[in-house]
Amino acid sequence: MGIARPIANVGRFAAEQVGDLGRFTVFSASAFRWIFTDFTRWRLLRPQLYEVGVRSLPVIIFTGAFVGMVLALQSYPQFELLGRASWLGAVVNLSVVKELGPVLAGVMIAGRVGGALAAGLGTMKVTEQIDALRAMGAEPIRHLVVPRFLACLLLIPFLTVYCDFVGIVGGYVVAWGYGVDTHEYWMHSASAIENWDIFAGVFKSVFFGAAIALISCYKGFQSRQGAEGVGRAATEAFVVSFMAILILDLFIVMFLQGLYDALWARTSVFLS
Amino acid sequence: MSASEPIRVEPDSGEPTPAAQDQPQAVIRLEGVSKQFGGHQVFRDLTLEFRRGETTVVLGASGVGKSVMLKLILGLMKPDAGRIFIDGAEITTLSERRLMPVRMRFGMLFQGSALFDFLTVYENVAFAVREHKNWPEARIREVVRQKLALVDMEGTENLLPEELSGGMRKRVGLARAIAIDPEVILYDEPTTGLDPVTADTINSLLLRCQRELKTTSIVVTHDMASAYKVGDRLVMLHEGGVIADGPPEAIRRHSDVRVQRFIHGDASLAAAPPQGDIP
Ligand SMILES: Nc1ncnc2c1ncn2[C@@H]1O[C@H](COP(=O)(O)OP(=O)(O)OP(=O)(O)O)[C@@H](O)[C@H]1O
Ligand SMILES: [Mg+2]
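Quick note, the sequences are listed as chains A and B, same order. Read in order, the letters of the first sequence correspond to residues 1 to 272 in our numbering. Read in order, the letters of the second sequence correspond to residues 1001 to 1279 in our numbering.
Among these hints, one or two may not hold up.
With a straight-line cut-off of 20 Å between C-alpha atoms, the simulated SDA-like cross-links for lysine to any residue are [stated by the list, open to error]:
{"#": "1", "chain 1": "B", "residue 1": "K1078", "chain 2": "A", "residue 2": "W42"}
{"#": "2", "chain 1": "B", "residue 1": "K1133", "chain 2": "A", "residue 2": "W42"}
{"#": "3", "chain 1": "B", "residue 1": "K1214", "chain 2": "B", "residue 2": "D1087"}
{"#": "4", "chain 1": "B", "residue 1": "K1078", "chain 2": "B", "residue 2": "T1047"}
{"#": "5", "chain 1": "B", "residue 1": "K1078", "chain 2": "A", "residue 2": "G19"}
Now the in silico label distances, taken between C-beta atoms and shown as ranges [as the list claims (entries may be wrong)]:
{"#": "6", "chain 1": "A", "residue 1": "V54", "chain 2": "B", "residue 2": "D1232", "range": "50 to 58 Å"}
{"#": "7", "chain 1": "B", "residue 1": "D1080", "chain 2": "A", "residue 2": "M254", "range": "42 to 50 Å"}
{"#": "8", "chain 1": "B", "residue 1": "Q1025", "chain 2": "A", "residue 2": "V54", "range": "52 to 60 Å"}
{"#": "9", "chain 1": "A", "residue 1": "D261", "chain 2": "B", "residue 2": "D1080", "range": "52 to 60 Å"}
{"#": "10", "chain 1": "B", "residue 1": "Q1041", "chain 2": "A", "residue 2": "E99", "range": "48 to 56 Å"}
{"#": "11", "chain 1": "A", "residue 1": "F199", "chain 2": "B", "residue 2": "Q1041", "range": "44 to 52 Å"}
{"#": "12", "chain 1": "B", "residue 1": "Q1041", "chain 2": "A", "residue 2": "L21", "range": "51 to 59 Å"}
If you're looking for bench data, these hints aren't it; they were derived computationally from the structure. Note that the Cβ used here is the ideal one computed from N, Cα and C, for glycine as well.
So that you can see chain A by itself, here it is in the shape it has in the complex:
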């Protein structure tokens, strides 16, 4: 027996994961099918826009401001040593726009919105509201998932832009505090950041939004009975969304760099 049990456990775990992935795929496909075929329930979208957009704004502003300030604080001494303090803006703002803004906004939304979506849908599941929807001839994915998904998809890019903006302001406030020349600070920032960088950040956030919405709704629908089950669904929604954001980020950055090279034919450093 000795070794058979661990192997069987690994097998069962793997089978469960694959099964879960399969169910998640079917779930997501079904959400997409409703969006493209017959999404007419506009009255359901508005409350979700409010929930995802308006109610996330404070958290996003808070995150952005602190990220920008800390980044400037951390980088200032190095630039000061080199006698290039006015270049601070280039580094702080590029990091915020390309990477930290989108990813941290995504993580905060995964925590706030993702957790709330999973808990809300989980509660509906355990109080039989989802069964009640089905019993009345309504499609739960169309009624509950599609509006939440669209709200995340539409608003997370805007929230990301907000986060970027506040981060940039935060960074500047610190630089100003150190007495960095304002004109040079912004001039170096402008020369370092291309429109492409801003686009890349916002482009990523769309995928983060989609991932957060689908994962959190799925976890809510899979929630087990009782308050404990709902709590678990919310936690798992956050953790899995967080991992998805990191993984997606890696692949999207790889893709975008390839695309950038192809579009602007920037020759690789290895060839020149």
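Based on these hints, arrange chain B with the ligands on the given structure of chain A.
For chain B with the ligands alone, coordinates are given in the frame of chain A:
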């Protein structure tokens, strides 16, 4: 096993035959249905029919599977084995999309009411109407008003479910279940948690639906007073199967001690009363 077997309308035959031709009046038919949850067998080869225009009261201990049975009938859960027919058409194999038209003929009151917590009482009751009928708002308002009046809940239109007591939620759930005048109504414990007077109002409502609208009803209840009042037929479930099935008088005098214990609410009851033996 028990001395008395349940009445079987039709003996189990090895070959599954389309129920439509055999039993035109059976609206719902469960045939050899089995269902288990993680090793816990809830139903084992359950065969049961519900006839048109009849109110069947389903009795049974807590956890015996009464709520599961209602969900199986609506296709909200799939049986592990066996088949379920609605008007002779098998629903067990239907996709969610194909089940929609079938479900629209049903109204269901859930045990915990299952009101949508993000909608007001008005929108809860109007839900099925909005979903399936393209009616003007004035007509919807009239339907909602009328259904809420039936369950004595006028004036609560703008409240949210969280502002209602358990019994009030139950009544709104009932109004919602009957909003589109379904042919078949499934009641999961309609009077549990209600005061005796309101419970009696609900019983009268049930009888009225049955008399005036000729609806077929399945009522799950622990309330024997209600069971005798509204039931044309009583069915008792026990350990995955039916142990008693018949008109109320027959069940009252049923010889099985488990049935007697249940209807008298007396766990110490040793044997059946001497009166007689009704299968
Ligand atoms: N979704 C589910 N997942 C796992 N087990 C379930 C599920 N639904 C029901 N069960 C189990 O099936 C059995 C029957 O449950 P059901 O809710 O039908 O009981 P009931 O007869 O309605 O009881 P009560 O009178 O207390 O409502 C119980 O043991 C329950 O734990
Ligand atoms: Mg029940």
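Here's how the hints hold up against the structure:
| no. | hint | in the structure |
| --- | --- | --- |
| 1 | K1078/B x W42/A | violated, 32 Å |
| 2 | K1133/B x W42/A | holds, 17 Å |
| 3 | K1214/B x D1087/B | holds, 16 Å |
| 4 | K1078/B x T1047/B | holds, 15 Å |
| 5 | K1078/B x G19/A | holds, 19 Å |
| 6 | V54/A x D1232/B: 50 to 58 Å | holds, 54 Å |
| 7 | D1080/B x M254/A: 42 to 50 Å | holds, 46 Å |
| 8 | Q1025/B x V54/A: 52 to 60 Å | holds, 56 Å |
| 9 | D261/A x D1080/B: 52 to 60 Å | holds, 56 Å |
| 10 | Q1041/B x E99/A: 48 to 56 Å | holds, 55 Å |
| 11 | F199/A x Q1041/B: 44 to 52 Å | violated, 58 Å |
| 12 | Q1041/B x L21/A: 51 to 59 Å | violated, 30 Å |
Of the numbered hints listed earlier, those contradicted by the structure are 1, 11 and 12.
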